Amino acid sequence: MYKLDHTKNIIEVENVSFAYDGKNNVLEHMTLDIHQGDYIGFVGPNGAGKTTLLKVMLKLLIPQKGSVKLFGVDINNFNDWQKIGYVPQKAVNFDANFPANVFEVVMMGRYSNKNFFQKTTSTDVVAVKDALEKVGMWEYKNKLIGDLSGGQQQRIFIARALVNDPEVIFLDEPTTGVDQKTQDSFYALLQKLNKELGITLVLVSHDILRLTREVMHIACVDKTLTCHVSPDEYLRESKSLNVRGEDVKIITHHHHD
Amino acid sequence: MAVIAPAIGIFLVLKRYSLIADTLSHVSLAGIALGLLLGINPILTALGAAVVASLGIERLRTSKKVYGESALALFLSGSLALAVVILSLTHNFNANLFSYLFGSIVTVTATDVWIILALAVIVIGMLGAFYKSLVYVAFDEEAAKVSGVPVRRVNTVLIVLAALTVALAIPIVGVLLIAALIVIPVVTALQLRKSFTVTLIYAEIFSISSVIAGILASFYFNLSTGGTIVLIMLAIFIVTLVLGKK
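Chains as they are written, first to last, in the working numbering: chain F, 459 to 715; chain A, 185 to 430.
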């Protein structure tokens, strides 16, 4: 495990505004730093811009205003995409009939490293095996991705994100449609990635109560950043406001270590 | 050619682009009509028309001003109209055109063979070069983008390769049946539910064996080559569909 420097910001979002149609801002004056080794959960009501924020950080969406820096480099000049793993919202992106087995899906993560004519090397094979072993799915390597259960598929997508030894992994609603028991082992896996491998995790989720038991920081997203606190503080403040459940809003409260 | 069609087809089918092959073949028809009118080798004009149209379709699609399938419909009907108008200008609905519509090995000239071979080499080379990014983009465009795969360039390469393949298959199967050659072997192989590599290999086997069987049968029984090939492919498809249900 490499040394973590929790004071080092690896993602810096500054004063970002984004609108899909150019008019109605989904994100407005969003400013947020994520430090190395962090485990941060984005919460907020539907349509509040959580996934949009994630996509802005991944350069899948280009904000109209503001800047994003990854590892200290402006996102427009950033080339080190191997340092970043991404687990998309699977329901949106995934075709269950796609003819690919587990090994092939994870190998896809290695494609970017190659010049076009390069063949798959033994290093690639080792990397794929390593990633699949980390998520406990190596014995499924020859199964078709579409034949696995939702929780197993999610592990495969984590393995694909892991295959380049990334420093940070972004996950968008990873536990949607997965039963409680599978969720438990999934979150245990995330804890292992964060604590043992020192990977920074950025997670979007609806399940606020669950998040408060897992993450280091909660970031409330509602167009702008409405809180950035530890789970304890989050729970305390939501109680003091005497509201329960999902749509807890907290007065802006910046907090940094 | 039997090798290339399914290799392109697997990406088109998985990206729900199956109808692009059909559209490009109609565009090629306009190109052929133009070639016949101007007295240029029709394969070359078909090729030019298909490549230009493929870039146009991709442009329209990514601009999001027009839905993907609407862009196809525009090109499909537009090019067919153009072909008909040009042909009415030439007053030349001759046997030559008929052979381009339905394909015939007999009318293929030596020049055609060289053009087809050169194109085949280009298409195979490009496919090999972009294979990995093509697979990734077909499976998960967003994640591929995050991994640094140049998604737009890969999509453009794919559609231009599709255009080349269509133009190069015309003399053999004809304008009307090319889409079948590109799509059916892949759809057949998909019924077997295998990994990507294995699916591609099966598609190749189905394609090559159908083409060879089709050419032989059409030669001995004096049938239309393209039609025979496509019927054999469909027969194989139906067999896998029925067997796959068990």
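These are computed hints drawn from the structure, not numbers from a lab. Quantities reported herein were computed from a predicted structural model and do not represent experimental measurements. Treat the hints with care, as some may be off.
Only pairs whose alpha carbons sit at most 35 Å apart, straight line, appear in this in silico DSBU-like list of lysine-lysine [stated by the list, open to error]:
id : chain 1 : residue 1 : chain 2 : residue 2
1  : F       : Lys587    : F       : Lys599
2  : F       : Lys481    : A       : Lys378
3  : A       : Lys199    : F       : Lys681
4  : A       : Lys199    : F       : Lys466
5  : F       : Lys523    : F       : Lys577
6  : A       : Lys248    : F       : Lys592
7  : F       : Lys541    : A       : Lys329
8  : F       : Lys601    : F       : Lys577
9  : F       : Lys599    : A       : Lys249
10 : A       : Lys378    : F       : Lys523
11 : A       : Lys248    : F       : Lys639
12 : F       : Lys481    : F       : Lys601
13 : A       : Lys248    : F       : Lys599
14 : A       : Lys248    : F       : Lys653
15 : F       : Lys601    : F       : Lys650
16 : F       : Lys523    : F       : Lys601
17 : A       : Lys378    : F       : Lys681
18 : F       : Lys577    : A       : Lys329
19 : F       : Lys577    : A       : Lys199
20 : F       : Lys599    : F       : Lys541
21 : F       : Lys639    : A       : Lys329
22 : A       : Lys249    : F       : Lys653
23 : F       : Lys466    : F       : Lys541
24 : F       : Lys639    : A       : Lys249
Practice prompt. Of all the hints given earlier, name the ones this structure violates by number, lowest first.
Written response: Hints 2, 4, 5, 6, 9, 10, 11, 12, 13, 14, 16, 17, 22, 24 contradicted; others consistent.
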